[in-house]
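There are 2 protein chains.
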Amino acid sequence: MKVAKFGGTSLASAEQIKKVTNIVTADNDRKIIVVSAPGKRSDDDTKVTDLLIGLGETYLNEGKADDALAAVVERYRDIAEGLGLDDDIVKTIKDDLKSRLAYDTSNEGQFMDQLKASGEDNNAKVIARFLQRLGYTAEYVHPEQAGLFVSDTPGNAQVLPEAYDHLYKLRDKDGILVIPGFFGYSKEGRLVTFPRGGSDITGSIVAAGVKADMYENFTDVDSVFAANPKVVDEPCSIKRMTYREMRELSYAGFGVFHDEALIPAFQSNIPVCVKNTNNPEASGTMIINEREYATNPVIGIAADKGFSTIYVRKYLMNREVGFGRKLLEIIEDEEVSYEHMPSGIDDTSVILDDSQLTPEKEDRMIRRIIDELNADDAYIEKGFAMIMLVGEGMHETVGIASRATKAISEQGVNIEMINQGSSEVSLSFGVHESSVDDAIRGLYEEFFSEKKVLQ
Amino acid sequence: MKVAKFGGTSLASAEQIKKVTNIVTADNDRKIIVVSAPGKRSDDDTKVTDLLIGLGETYLNEGKADDALAAVVERYRDIAEGLGLDDDIVKTIKDDLKSRLAYDTSNEGQFMDQLKASGEDNNAKVIARFLQRLGYTAEYVHPEQAGLFVSDTPGNAQVLPEAYDHLYKLRDKDGILVIPGFFGYSKEGRLVTFPRGGSDITGSIVAAGVKADMYENFTDVDSVFAANPKVVDEPCSIKRMTYREMRELSYAGFGVFHDEALIPAFQSNIPVCVKNTNNPEASGTMIINEREYATNPVIGIAADKGFSTIYVRKYLMNREVGFGRKLLEIIEDEEVSYEHMPSGIDDTSVILDDSQLTPEKEDRMIRRIIDELNADDAYIEKGFAMIMLVGEGMHETVGIASRATKAISEQGVNIEMINQGSSEVSLSFGVHESSVDDAIRGLYEEFFSEKKVLQ
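As they're listed, the protein sequences go chains Z and L. For the first sequence, numbering that gives the first Met the number 0 assigns the number 0 to the initial residue and increments by one for each residue that follows. For the second sequence, numbering that gives the first Met the number 0 assigns the number 0 to the initial residue and increments by one for each residue that follows.
Extracted from the complex, chain Z is given alone in its bound form:
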């Protein structure tokens, strides 16, 4: 049995949905499909989730939002007509949206959450109906009825362990099951959405729950690439990579998945296959537990901007047992997590993700480092990017760090930070944001230039 998840662009229109149902019905193993809300049909289109956000905000501000509601309904009507469905499905969706608008608005976050989740939910209903019309046994599955229970943390749902047992019972159902992605339910029955990468998370949880043989993740690229195609021209395709590699790459800014989306599948050791809805014949990228890495110890290069460094200097710091701990305590008091902490004899740096910082937090941290730790100097520097070179074979291959630093230097880029020594599958570099693309191109040239496909 396979669980297949389809993203927003794969479901943006009747035409796209037909591709999806063709894919689903072409393989009897594709028993469960997890769907996103309809995405953009073209670059200047608006995806349904954004229409729903507009609808919710207008309603909150003005107490009514007839035009915005009509715009959402029209998107579904357009799809339903293209699929040859009866008008009653459109009416069902319109009634559903009206009942969601009637939800208690005193908690705006919860109001918006249940409205946004309608994008996936109604799309699942449309697709189930279309499969039925085509003559297949198919069923829309409500996440609460399927037992997809999550923590009651709006916008950041975490799956509860018992959900897996409930989901396993989906195996008993006949035909094709269509499940909306992006949300689950708390034990108290409240709809709660997942963080970034929501539909991928649902797919991954369902695949783990039903103990699928494979989790297929359909998107709009033929495979995962070794580097960002916006930075490197025609980067080579990755045919096979490990969970660890995928996790490190997506953590460091790889766009395909949010770094935690695949965790449930990884933990259940279910192979993940990334495929293209628009070209389902392409073999895609398999994400598995282990791979041979003799020919390509390095599999990918990821990068992310927006890092800051807290630099701290104190004479004889290395003699002061507890200095590093006290420094991390000050950072922790601001609820900021850190990325790396390289250290010298009399100085240490802490690298942080900018998104967690505010001018007030920065001021408080620096003041406390000076006052409480008696540092001789402490300041924050902004504008760093972190580059991560990832590959299962890196740790055992002599010379990777040498080739990587050389490749970066030859681009005229100064390496501000190197972090190697803990992870066996990655090596990370800090550079100034302005030179990160040059550094990536240099690394790509060094490790991938003569390859087309990474086996």
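Simulated from the structure, these hints should not be mistaken for lab results. It is possible that some hints are incorrect.
One copy or two, it doesn't matter: identical chains are merged, so the pair holds either way.
What the hints assert, rightly or not - Under the rule of at most 25 Å between Cα atoms (straight-line distance), these lysine-lysine pairs were calculated in the PhoX-like manner:
(1) Lys313 <-> Lys325
(2) Lys210 <-> Lys186
(3) Lys313 <-> Lys360
(4) Lys360 <-> Lys325
(5) Lys93 <-> Lys17
(6) Lys124 <-> Lys90
(7) Lys360 <-> Lys381
Computed from a predicted model, the values in this text were never measured in an experiment.
Given the coordinates of chain Z, assemble chain L onto it according to the supplied hints.
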């Protein structure tokens, strides 16, 4: 005014002491000399400090130690005769040693401390007497009378700030002042020895106290070398280096100084000159505040063995605010300080100096990391060496890390850890102990092979 410190090999025999007095009297600025105990006259000789330790241990075990006492007295008699001094100096020394043996033995540490310190103390008396015999105005200076007050921490004396004001008054004295190195006195009048590098510390403190124009440190090499001569054949000489460079190099196992010995001189901005007693014409190595580094951004390579790594893996570690702080707290509870802490997404390593570890401490740390931090895995790996590449110009020179990693890799050495990003003047690597010499030779070849003297 110059303060000159002479090490044990410079004062091992009458012949050596004559070289020293020639050096001292050749320059009127050399007003204060700080002396070690007589060192080894040849490779298979025993230095006086070790004779004194043997004397103390025999006395503690057997309640008497006539032979051992005679052996020490004989060393001084030999020197005194070679210098043409009267026998009364030998009698003075013998009486001094007897009175030290009569010291309270209930605190063995203090008993041994005051006995060991006699090596420097009596040597200073001999040298002052010899200078007087040569017709110079010279005086033995007792550290307590000079006000060299230190913390009451046996074997780990730290100078008290007021000592500098007392020492400044030494400027008022006439002639050459001879001060024994290695110890000071607590405010309660107890003799307390300095940690490793004791005589260097005394010289540095005295130079700072009297606001000397220069602190000359006489040893048995013409200069400081860019790498360990036992690993690299005829390494090139360093003519000029900065305090920071010296401090980083000596921290990482450079033999010339203990890394903190020169701090008082550094803090008072007094130039330090390392010179050779056996070849005083050689210009030596100047250690100063700043240097030009255009031609040689890297100045030296140091290395030290005996490091361990605590490896900790926990799924989603990067999401857990406070993990690093809690880990360092566990290590701190064992009174262990750490060197570096490289980190990945789900794992982190802490690099520690083996000398601080015991099997019990290791067990407790690992158990607490598993139990209290819920780590998925935690273990200690031994047998690492840290290599430090040091130079003021490194931070501003693109490509240093690249050349360094390449040079190490070309020796077939795998780099286990790289730490760059905090110190502006160093870059450190972790390798297995068995391959550290190969790595050093590779680095030397890359950065120094075509140079003879580093300006």
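Hints, verified against the model:
1. Lys313 <-> Lys325: both (13 Å within a copy, 22 Å between copies)
2. Lys210 <-> Lys186: Result: close within a single copy only, 23 Å intra versus 75 Å inter.
3. Lys313 <-> Lys360: within (21 Å within a copy, 28 Å between copies)
4. Lys360 <-> Lys325: both (16 Å within a copy, 21 Å between copies)
5. Lys93 <-> Lys17: Close inside one copy (23 Å), not across copies (105 Å); limit 25 Å.
6. Lys124 <-> Lys90: within (12 Å within a copy, 108 Å between copies)
7. Lys360 <-> Lys381: Within one copy only: 14 Å inside, 39 Å across.
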